[in-house]
Amino acid sequence: MNMKTRLILKRMYRRKSVAFFTVILLIIVLSSIAAPFIAPNDVYKTDLLNRFAAPSAQFPFGTDELGRCIFSRILFGGRASLAYALIATSIASVIGTTVGMISGYKGGWVDGLIMRICDIMYSFPHLVITLVIVAVLGSGIYNILIAMLVTQWLYYARMSRSLTINIRNQDFVAAARSSGSSAFKIIFKHILPNIIPQMIAITTIDFGHTILTISGLSFLGLGVQPPSPEWGALINGARDFIYTDIKLLLWPGFIILLVVLSVNVIGDNLRDALDMKMD
Amino acid sequence: MGKYIAKRLLQLIPLLFIVSILAFGLVRILPGGAAAAYLTARNIAPTKESIAAAEEYLGLNQPLLTQYLLWLKKAASFDFGISYATNKAITPEIFGALRNTMGLAAMAVVWLILISVPLGIFSAKKPNGAFDHFSRGFAFLCASAPSFLVGFLFVLLFSVKLKLLPSFGKKDFTSYLMPSLTLALGYIASYSRILRNSLLENMGSTNVLYARARGLTEKRIFRAHTLRNSMIPVISNFCLSIGGMLAGSVIVESVFSWPGMGRLIIGSIEARDYPMIQAYIVIMALLYITVNLSADILCAAINPKIRYEA
Numbered sequence: 001m002n003m004k005t006r007l008i009l010k011r012m013y014r015r016k017s018v019a020f021f022t023v024i025l026l027i028i029v030l031s032s033i034a035a036p037f038i039a040p041n042d043v044y045k046t047d048l049l050n051r052f053a054a055p056s057a058q059f060p061f062g063t064d065e066l067g068r069c070i071f072s073r074i075l076f077g078g079r080a081s082l083a084y085a086l087i088a089t090s091i092a093s094v095i096g097t098t099v100g101m102i103s104g105y106k107g108g109w110v111d112g113l114i115m116r117i118c119d120i121m122y123s124f125p126h127l128v129i130t131l132v133i134v135a136v137l138g139s140g141i142y143n144i145l146i147a148m149l150v151t152q153w154l155y156y157a158r159m160s161r162s163l164t165i166n167i168r169n170q171d172f173v174a175a176a177r178s179s180g181s182s183a184f185k186i187i188f189k190h191i192l193p194n195i196i197p198q199m200i201a202i203t204t205i206d207f208g209h210t211i212l213t214i215s216g217l218s219f220l221g222l223g224v225q226p227p228s229p230e231w232g233a234l235i236n237g238a239r240d241f242i243y244t245d246i247k248l249l250l251w252p253g254f255i256i257l258l259v260v261l262s263v264n265v266i267g268d269n270l271r272d273a274l275d276m277k278m279d
Numbered sequence: 001m002g003k004y005i006a007k008r009l010l011q012l013i014p015l016l017f018i019v020s021i022l023a024f025g026l027v028r029i030l031p032g033g034a035a036a037a038y039l040t041a042r043n044i045a046p047t048k049e050s051i052a053a054a055e056e057y058l059g060l061n062q063p064l065l066t067q068y069l070l071w072l073k074k075a076a077s078f079d080f081g082i083s084y085a086t087n088k089a090i091t092p093e094i095f096g097a098l099r100n101t102m103g104l105a106a107m108a109v110v111w112l113i114l115i116s117v118p119l120g121i122f123s124a125k126k127p128n129g130a131f132d133h134f135s136r137g138f139a140f141l142c143a144s145a146p147s148f149l150v151g152f153l154f155v156l157l158f159s160v161k162l163k164l165l166p167s168f169g170k171k172d173f174t175s176y177l178m179p180s181l182t183l184a185l186g187y188i189a190s191y192s193r194i195l196r197n198s199l200l201e202n203m204g205s206t207n208v209l210y211a212r213a214r215g216l217t218e219k220r221i222f223r224a225h226t227l228r229n230s231m232i233p234v235i236s237n238f239c240l241s242i243g244g245m246l247a248g249s250v251i252v253e254s255v256f257s258w259p260g261m262g263r264l265i266i267g268s269i270e271a272r273d274y275p276m277i278q279a280y281i282v283i284m285a286l287l288y289i290t291v292n293l294s295a296d297i298l299c300a301a302i303n304p305k306i307r308y309e310a
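Residue numbers (my numbering), protein chains in the order written: chain P, 1 to 279; chain Y, 1 to 310.
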């Protein structure tokens, strides 16, 4: 086998893994969105005579410690987990990218101020900042989202700033500037389209981290509160029963793993395809 | 080098000031105020009289600046006062927890070195070979697996099925094994890949070519040149993540009921034990700043480029 065929085979293989995980992700996302239509049972309906039931036609994944349908709870849990993670990453990404572009393009005191804030925030582990914000505001998913925004937007601001600085002095930007375009127009019409692919790749990978963080905080009892279904909260509810019935923990855990793995594989390949060097 | 260290130390002063303001200010911006939080933690109904008494007792009716200076003076000697929840001195409790978390992190570092270095080296020996693919897949899996899932699976396998290791708490050395491995897995994933990529980059460098021209054996070249240079990005990345590891142990500690900083802060948040939260902020910040500073100095020592640029 010569080099070229091997290279092509390798690319095929890579594409195949991307295709595979995209399909998995799509299935999970779409079924979460369609949860109200496809969930076979009411997520809150308890049935104490049917606790820890094995999988059956009516309960595809079996039932939990209160006789609730695990499958339905995972579907609705996915709605919550995915929606919260999407809200947190997209808002952080939009704010961070915008601030980073302004900071990188304008330079001067704006840039200095933003970089100092970054330095201070980066002096602490993100999780510590998140925990402290939750400590002040109290637990609950909205406070978690606020804490995630506060810590995450800086990450995007840093990336978009350094990407902006790389292209700030290129000819097409200089041409736009000398033809009298405003800074606003240059940033959004010329710089943004050039950094958007990279920012999407970064956002994709961060989306996976965010799912892990939010479900982790719910697992700790700080985020979504029971009996609302959310993947991390489901695992928190299952921890008392790991010796009784492990499927309560395995199903949501496995689904989180699948989603994050899919997002990571897709994001990583996207990054490779864009030939980005990451820290 | 001395100049570099002095510069970094000077930069710490404003940072420490900000930390102290944040930790102190935390209690001021509480919804309901610190007195109400104190009463709730002690299970006393917050009436007008009890709030006034609590404010008097906690010294909350003094001017802000006096309160801040008093607090700062005590905090500087690591005296964080009395816990609202347990009514005991905070300092011994938090340092005990810190010791446990640091022990966990240290053991995680041992796992990290034991697993990620061989993974990285063998992956780089044959890039895109079978082992490299395996280790890439393994890295993805480790990076994507939530630590609560991994932790509970370990418990099921090693405690319930094989009855080899204790499932929770800190008893003897064997209690360290599972929580520290769980904590290390995510880091193992990224370090094995960083080392692999760095090795591959260095294998093609001119100093390796020159060493080969000098007739050194491949083994010698690998040990003395490639591996050594490849460790630089690994070490600098590694130093930066020690702080993250200390903070990130919170989920692992919850899974294994480990009596560390993570469990302490979660318990304090639930009990609204604000002096304890203040102490946590100060200790974590000091720890993180110290670790980062030592990391930067270490990196500057192995890589002169940083010294001159800074």
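By construction, these hints were calculated from the structure, which means they are not laboratory data.
You may find that some hints are simply not true.
Unchecked claim - List of simulated lysine-lysine pairs, DSS-like, C-alpha gap at most 25 Å: (1) Lys-126(Y) <-> Lys-16(P); (2) Lys-219(Y) <-> Lys-247(P); (3) Lys-125(Y) <-> Lys-219(Y); (4) Lys-161(Y) <-> Lys-247(P).
Because the structure is a prediction, the values reported are computed rather than measured.
Each hint, compared with the structure:
For the hint linking Lys-126(Y) to Lys-16(P), the alpha-carbon distance of about 22 Å falls within 25 Å, and the restraint holds. Distance hint between Lys-219(Y) and Lys-247(P) is unfulfilled; the C-alpha atoms sit about 49 Å from each other, more than 25 Å. At roughly 12 Å between alpha-carbon atoms, Lys-125(Y) and Lys-219(Y) fall within 25 Å of each other, so this suggested pair holds. Pair hint Lys-161(Y) plus Lys-247(P) holds up; C-alpha atoms about 16 Å apart against a cutoff of 25 Å.
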